[in-house]
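On the provided structure of chain A, position chain B as indicated by the hints.
Just so you know, the sequences run in chain order A and B.
Counting in numbering that gives the first Met the number 0, the first sequence runs from 0 upward without gaps.
Counting in numbering that gives the first Met the number 0, the second sequence runs from 0 upward without gaps.
I should point out that these hints are in silico values taken from the structure, not numbers from a laboratory.
Where a beta carbon is used, it is the ideal one built from N, C-alpha and C, also for glycine.
One thing to keep in mind: the hints can contain errors.
Unchecked claim - Derived, one-sided and incomplete: chain B residues facing chain A with beta-carbon distance under 7 Å:
1. ASP6
2. ILE7
3. ALA9
4. PHE11
5. ALA14
6. ARG16
7. LEU23
8. ASP171
As the list claims (entries may be wrong) - Here are the simulated DSS-like cross-link-like pairs (lysine-lysine), alpha carbons at most 27 Å apart as the crow flies:
9. LYS15(B) with LYS74(A)
10. LYS15(B) with LYS156(A)
11. LYS69(A) with LYS20(B)
12. LYS5(B) with LYS186(A)
Unchecked claim - Residues from chain A that keep clear of chain B, each with C-beta distances beyond 12 Å, as calculated:
13. LYS74
14. GLN78
15. LEU90
16. ALA141
Each chain, written out:
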Amino acid sequence: MTKVLNLSATDDSSIVNRLRGGEDQALNIVYRKCRDYCINFMINNGADTEKAADLFQDAVIVFYEKVRNKDFELKSSIQTYLNSICRNQWLTHLRDNKEVFVKDPETFEYLNNLTDWFDEYEDERQSRINKITAALQQMEAAGGNCKELLLLFFYEKKNMEEIAAHFGYTNADNAKAQKYKCQERLKKMVNA
Amino acid sequence: MEDFEKDIEAAFRQAKRQELKAMLQQTEHEIVEKKETIIKPMFRWWQYAAAACVVLGIGFAVYRLNLAPLNPYHASEQAVVPKLDEPKTPKKDNSPQTKPTENPIAPQSFTFDIKESQSLGFGNDQKKKLQGDFIKDKSLDKGIISYKLSEGKLTLQANQLPKIQSVISYNDTLYLKINNRFYKLIENKYLKRLKSESDPVVIQELKKIDFE
Chain A
0 MTKVLNLSAT DDSSIVNRLR GGEDQALNIV YRKCRDYCIN FMINNGADTE KAADLFQDAV
60 IVFYEKVRNK DFELKSSIQT YLNSICRNQW LTHLRDNKEV FVKDPETFEY LNNLTDWFDE
120 YEDERQSRIN KITAALQQME AAGGNCKELL LLFFYEKKNM EEIAAHFGYT NADNAKAQKY
180 KCQERLKKMV NA
Chain B
0 MEDFEKDIEA AFRQAKRQEL KAMLQQTEHE IVEKKETIIK PMFRWWQYAA AACVVLGIGF
60 AVYRLNLAPL NPYHASEQAV VPKLDEPKTP KKDNSPQTKP TENPIAPQSF TFDIKESQSL
120 GFGNDQKKKL QGDFIKDKSL DKGIISYKLS EGKLTLQANQ LPKIQSVISY NDTLYLKINN
180 RFYKLIENKY LKRLKSESDP VVIQELKKID FE
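This is chain B alone, in the form it adopts within the complex:
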């Protein structure tokens, strides 16, 4: 076969190879496209990371919000819920002096001495008064617990000092009257949530003493 014939053969072979190559490249393209459609994940790794951050953020926020019920404002019905907007004039003159808090949301501690009432009259020996101004107890700031009563000192912790209407001694137990409800004070060294008295007989007696 002369050179020209060999060149003709090579020309046909090259043309055919190009034609087949184009066909196979098209097939490869189709395969890759199909695989990408199947394998391609809906989200990339950084999108999962971002989603995880959002979930963690929401979780943390919910966790923080769940602390709120410990705060007296959000506590159960039995806890002290002082009204912030309409401070009432105390019925008796034995309510402590109050100072406005700098931050109404941040819980603060208020400490009082409980002393015998100086007033005269029947049944007054059962009434007590809270002596002096509040003392901010910084060590208690982190806890959001309602009260502690130890060695004649009452420490209340709240976002804002509630209006205490009276302190009553009944059956050797002290009761705080706040918002016309009576809260039993139990001697304790640690902060405890205030719980309103639910016994109707005791409430009746306390009302009598308070009235007198």
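For reference, chain A alone in the conformation it holds in the complex:
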């Protein structure tokens, strides 16, 4: 299958706007545009190609999540931003695998303060999340707007006015009531 990318809109601001507009495919442009620099940086610092690609993919997803946040403002180029994420990702990887030993207290503190972009949850919580994921899939398969409404509220961070406009509800209160119903339905499914 051939994917046609709009290459005329590949400058950073256009990409950010497209991602904010829900065009996830624009992320492929970011990936292709910034890949070599980030991956080569990690390879030059001891990563193998596969690990470097894996970390870069995570970095691009981090970028995506940041961009989707309305409060986020990109103050550098996408490449620079991704470089800094990759650098942190790689240092975190080295620290966690005890492949780096530092005596300098400042560096030590810096490394200790690095956090994984994708924190793993403890088993109990992850189990609850897995149940919710399964219930959301059932909800989607059953049809209706519940999953989409919850997605807009919890992931897309839309407010009730926006949700009401999206679904054609008369006002935000209706959207709020609908959201409550869907959430309760999901809770039942999870606890069933």
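Here is chain B on its own, set in the frame of chain A:
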């Protein structure tokens, strides 16, 4: 936000991350595939090494084959090219005795003493004979050169001893008659390729002497 709501948010985030990860992995796969298509060399290093060995082998074989023209069998027209399959009976009784060579391809050296002919008759003083059997000169085996003439000793080097029909002295120069051609022998200490006489006057005179 209560815990359940936080879990819903985490569930959506994880699902979205998995979806994006799959999309980016596909993109990575496409990039790597494209790069491999461009960068992948047509041959690997060991294939180049094998090809180099073949080329060297062929080169060596050609080099060895190019030595062949030095061999009397492959020499130019002027060199002695004895016939291996049909040995002719010598016209005169002054041809040397021959012994079959063990290896017809390997060059051998044959050494003769050149002495006055014992035959009587006009012009016979101009004819010589080759005395004795050949002596294999191992020191000359590596060279594939035709003859040397030094202090009355003639050394021929060939894969097989050619049938020498006669040895003629004309104008203080010795000529060998082989296969009805005359080859001039020049006094020399080193092996030299036999060259047939091309001067028609000299050939005519040599034919006369040989006939007589």
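Exercise. Please write out, lowest number first, the hints stated earlier that are contradicted by the structure.
Key: Result: hint 8 breaks, nothing else.
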